[in-house]
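Undergrad: Residue numbers (my numbering), protein chains in the order written: chain P, 1 to 171; chain D, 1 to 227.
Keep in mind that the hints were calculated from the coordinates and are not lab data.
Source: prediction; values computed, not measured.
Misleading hints may appear alongside valid ones.
Rough simulated footprint, nothing fancy, chain P against chain D, three-plus residues with beta-carbon under 8 Å [said to hold, decoys possible]:
(1) 5-12
(2) 46-56
(3) 64-70
Residues of chain P placed beyond 10 Å of chain D at every Cβ, according to the derived structure [unchecked claim]:
(4) Asp33
(5) Pro55
(6) Arg57
(7) Arg76
Think of the CB as a built atom: it goes at the ideal place given N, C-alpha and C, for glycine as much as any other residue.
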Amino acid sequence: VTSPVHDEFLAATLPALDLVYNLARRLVGNPDDVEDLVQDTYLRAFEAWVRRRRPRRVEPWMATICLNAGRSRLRRASTTREVLDLDEELLPDPVSVEDQVIEGIRRSVVHQALARLPNEQREAIALMDLAGFTASEVALITGAPRGTVLARVHRGRKKLAAMLERSPLFP
Amino acid sequence: VKRHDPEGAAARYLAGTMTGRGRRRFEGHLVDCPECWEEVRMGGLGRSMAESGRELAPQSLRDRVRGAVALARPHRPWWRRQAGASAAAVLVAAVVGGIVAGRGQPRAIEALVADFRGDRVVTGPAVPELPARVGDLSLVDVDAGSVEGISLVVHRYRDPAGQLVAVYRGDRAFPTARGADPGPRPRTWHSEVDGTALFCADDPFPALVIGEDRRVVDLAAGLLGLA
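In isolation and in its complexed conformation, chain P is listed as follows:
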């Protein structure tokens, strides 16, 4: 039994969970940290919701909160590389590749490649290609000019393509 405010908040924001999850996955590397970041995002959003700070559109609002919370975590970690290296265990073992898990492996490989991009490019790609925001929306969320967002996402995509182009997973 929860209050109407809890129910209203969850009804409005839970549809954005996949978006927040995809963003969190690209902001921190360790799976436990990802879940902590998603939960932290929802609790921060709920605090704001209770104080009547309700957004016109939930998705960019949740993405902004997640981004800020993720950046705080990265600042607290000694280096970004340390955080992302924890995810190495997610690298698939090539010997274990089976048809039914190729999709999962492909996602894992993309995740690893994204982790090697500079933070700003990874954020821009996560927001545009994984969360589906437009360049103008990403500009509002990140506070960067739209032209800068376009440049970051394009350079990130090119690096990603260069890293994975020869992989048999992406014929």
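Keeping the supplied structure of chain P fixed, place chain D upon it in accordance with the hints.
TA: Same frame as chain P, now just chain D:
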């Protein structure tokens, strides 16, 4: 004279931010410019690779978020807390009214005794706040909910003999059961309602412990530092 900018043009083209005329002109240019063609090819390839990395959030995470939000008690500024205190005074009056109108016990006590006896009213998802083992007691399940204006989390434990004991942790003090005896410490009390044993304390957190056996209730309260 416009500067030749393959990277910027490819980025705008792929983002769909070019005007219709600009787009047609750029597409015409692509045929004759290997540099721009390569920029568009690599940018498009990278985009489709990135998009293939989309994932659905696991169901366990969805449950965890629901539980965490259900338990969230927002921090309020002092003036709202002040208003909350006034509201609490009204609530106390309402609970006292509940004694008169009800079957002899405050409604919250009646509801929680009923919950303990299986007529569940506290059923929302929750994450544990108390230890999984308290002495010989093992945690069976955890739920959250709200009863008569008290937000609470219940931890249900069983002892090795199968006796059930529930610890209701509230966000404010529970009303005193009618006919309760003072407990071993200030602001604690014991009672028996409909054949169940109750122990209540305000510190270190508002808690109502309900069990089938007074001995198990006292044991749980002692181990949790309530008695």
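Undergrad: Counting residues of the region 64-70 of chain D with a beta carbon closer than 8 Å to any beta carbon of chain P, are there 3 or more?
TA: With 6 residues in contact (Cβ-Cβ under 8 Å with chain P), the coverage given for the region 64-70 of chain D holds.
Undergrad: How does the coverage statement for the region 5-12 of chain D fare against chain P, requiring three or more residues with Cβ below 8 Å from a Cβ of that chain?
TA: holds (count 5)
Undergrad: Once the closest CB in chain D is found, is it more than 10 Å from P:Pro55?
TA: Label holds. Min Cβ-Cβ 16 Å, cutoff 10 Å.
Undergrad: Can you take a look at whether the region 46-56 of chain D is actually covered by chain P? Rule is 3+ residues, C-beta closer than 8 Å.
TA: holds (count 10)
Undergrad: Far enough from chain D: is every CB of that chain over 10 Å from the CB of P:Arg57?
TA: Its Cβ never comes within 10 Å of chain D, the nearest being 19 Å, so this holds.
Undergrad: Hey, does P:Asp33 actually stay past 10 Å from chain D on C-beta?
TA: The assertion about P:Asp33 holds, with a minimum of 13 Å to chain D.
Undergrad: Just checking, P:Arg76 versus chain D, shortest CB gap more than 10 Å?
TA: holds, 20 Å
In summary, this structure violates none of the numbered hints.
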